[in-house]
Amino acid sequence: MEDQGNMLRIDDLRSEVDGKPILKGLSLALNAGEVHAIMGPNGAGKSTLAYTLGGRPGYEVTGGSVSFDGRDLLAMAPHERAAAGLFLGFQYPVEIPGISNVQFLREALNSQRKARGQEPLSAAEFLRLAREKAALLGLDMEMLKRPVNVGFSGGEKKRAEMVQMGILDPKLAILDETDSGLDIDALKTVGAGINAIMRAPDKAVLLITHYQRLLDYVQPDFVHILAGGRIVKSGGPELALALEREGYAEVIAA
Amino acid sequence: MSALARLPTRRDEAWRYSDLDAAARIWPVGEPERLVVAPGESRAMSLLQDAASGEAVIRDHRIEIGAGGSLAVHLLDMGGMLGRVTFDVTLARGAHFELKAALIGAGAQTIELVTTVTHAEPEATSEQIVRAIAAGQATTSYLGQIKVARGAQKTDAAQSFKAMLLDRTATANAKPELEIFADDVKCAHGASVGELDRTALFYMASRGLDPARARALMLEAFIAGLFDDMADEAERARFDAAARAKLEALG
Numbered sequence: 001m002e003d004q005g006n007m008l009r010i011d012d013l014r015s016e017v018d019g020k021p022i023l024k025g026l027s028l029a030l031n032a033g034e035v036h037a038i039m040g041p042n043g044a045g046k047s048t049l050a051y052t053l054g055g056r057p058g059y060e061v062t063g064g065s066v067s068f069d070g071r072d073l074l075a076m077a078p079h080e081r082a083a084a085g086l087f088l089g090f091q092y093p094v095e096i097p098g099i100s101n102v103q104f105l106r107e108a109l110n111s112q113r114k115a116r117g118q119e120p121l122s123a124a125e126f127l128r129l130a131r132e133k134a135a136l137l138g139l140d141m142e143m144l145k146r147p148v149n150v151g152f153s154g155g156e157k158k159r160a161e162m163v164q165m166g167i168l169d170p171k172l173a174i175l176d177e178t179d180s181g182l183d184i185d186a187l188k189t190v191g192a193g194i195n196a197i198m199r200a201p202d203k204a205v206l207l208i209t210h211y212q213r214l215l216d217y218v219q220p221d222f223v224h225i226l227a228g229g230r231i232v233k234s235g236g237p238e239l240a241l242a243l244e245r246e247g248y249a250e251v252i253a254a
Numbered sequence: 001m002s003a004l005a006r007l008p009t010r011r012d013e014a015w016r017y018s019d020l021d022a023a024a025r026i027w028p029v030g031e032p033e034r035l036v037v038a039p040g041e042s043r044a045m046s047l048l049q050d051a052a053s054g055e056a057v058i059r060d061h062r063i064e065i066g067a068g069g070s071l072a073v074h075l076l077d078m079g080g081m082l083g084r085v086t087f088d089v090t091l092a093r094g095a096h097f098e099l100k101a102a103l104i105g106a107g108a109q110t111i112e113l114v115t116t117v118t119h120a121e122p123e124a125t126s127e128q129i130v131r132a133i134a135a136g137q138a139t140t141s142y143l144g145q146i147k148v149a150r151g152a153q154k155t156d157a158a159q160s161f162k163a164m165l166l167d168r169t170a171t172a173n174a175k176p177e178l179e180i181f182a183d184d185v186k187c188a189h190g191a192s193v194g195e196l197d198r199t200a201l202f203y204m205a206s207r208g209l210d211p212a213r214a215r216a217l218m219l220e221a222f223i224a225g226l227f228d229d230m231a232d233e234a235e236r237a238r239f240d241a242a243a244r245a246k247l248e249a250l251g
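If you're matching them up, the sequences are chains A and B in order.
The numbers in the working numbering rise by one with no breaks, and the one at position 148 of the first sequence is 148.
The numbers in the working numbering rise by one with no breaks, and the one at position 178 of the second sequence is 178.
Since the hints were derived computationally from the structure, they do not count as laboratory data.
Among the hints, erroneous ones may be present.
Computed footprint of chain A on chain B; a stretch qualifies when at least three of its residues, placed anywhere within it, have a C-beta under 8 Å from a C-beta of chain A [said to hold, decoys possible]:
no., region
1, 190 to 203
2, 219 to 228
Taking lysine to aspartate or glutamate and the EDC-like style, the derived pairs with C-alpha atoms no more than 20 Å apart in a straight line are [as the list claims (entries may be wrong)]:
no., chain 1, residue 1, chain 2, residue 2
3, A, K157, A, E119
4, A, K114, B, E248
5, A, K145, B, E248
Fair warning: this is a prediction, and the values are worked out from it, not measured in the lab.
Every residue gets a Cβ at the ideal spot worked out from N, C-alpha and C, and that includes glycine.
Hey, can you work out the whole structure from these sequences and the hints?
Laid out in structure tokens, this is it:
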């Protein structure tokens, strides 16, 4: 893969949690316009990859490099990564009592815009944007007036997460098990939302998932298998189908 | 209890967490401010204590609320090297007293609130909601005493204290104390001390908020609602702005 033009390039990334090595030399490159899926058994390091790329405290990089749009991602603080266009979709979206979604997202968006030298959105402009994205994901606008994720069901949290993504309009979305906890209808809506927001020539998606089912709705261009802290196999969408049919052990051994 | 003529010591219960050196600088303090709420009357009172950083402040209040009367107090206590506010409240039959207070301390400040609420007669109600935030080497303390006199049946008293420590060097003290001499009463109290949720801070950063703003937002949320029911809009705006400025400065 070419160094030039990769939106995200991960080389020999190593990271550890509580002194325990989890990522052990992971390499991967994504170009604009592509959707990649990372699949892997429990404990393979899927969430660690997401958190390491997001810069979560406690996920310590011990080696390797990551460039995002040609910039050193690992040198940036988490909020700077967001302003640079990275969005991390959480497997377990966090509840923040006392802060409404509307206030939180408007402040977040305007912080990002400020960092990029753009004018802030007014309250009215922001509400118009929020209403549009909430409708796209089938989330009642009233929910956005409530505190962030507080009292939301598992499915509502995932929809809200995608509404956040729609509002923040990132270049690269890393979605950690966004399909977990969704019933079939919600899965369809969330899948359609990801396509509507992120399927564009200048954007890319890294879908981290345990199951093939989300990939029926968001079709990946590339599928990678993560095991033991590194990518052990890469291929096209057929790889996900083989995993579903034969299981991780078989496919990794093949 | 008349004002102490002698300088208090740590052995005086209500002073055990105080900054006695700072108190000594302004000792002796004058008589408490007195307020009498007439029977059936409803009153409100607000106090924003934002003295300059080197000052020592002691504000004592002696309050009597007549039968069926009520008093709502809002307090933002955040100024001075020592910022000490006390309320000694006596409730007659069916009277109501409520206090909503935020204590915010940074640097080496000692910010403290002492309440003594005496239900002298039956059917009175009282509530204290206190939120404290301490950064740096600051100490925030709440000493809240509820006394239910013999025969003061159907008393309903509630007290809630929550403190947030922003640094390992900061201190929060809670000393709830109930003294009940009646058997048909409701007295609820709760106290907790915690830290900001790191997972939430990372979540906010991952959406683009810088650490100082994320922290200030969470702290605003922590004390949110305390001043919402202030009747005087301009006064409420003054409290909100002062608290916000203080919290922003903690970052």
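Hints, verified against the model:
| no. | hint | result |
| --- | --- | --- |
| 1 | 190 to 203 | holds (count 6) |
| 2 | 219 to 228 | holds (count 5) |
| 3 | A:K157 <-> A:E119 | violated, 29 Å |
| 4 | A:K114 <-> B:E248 | holds, 18 Å |
| 5 | A:K145 <-> B:E248 | violated, 24 Å |
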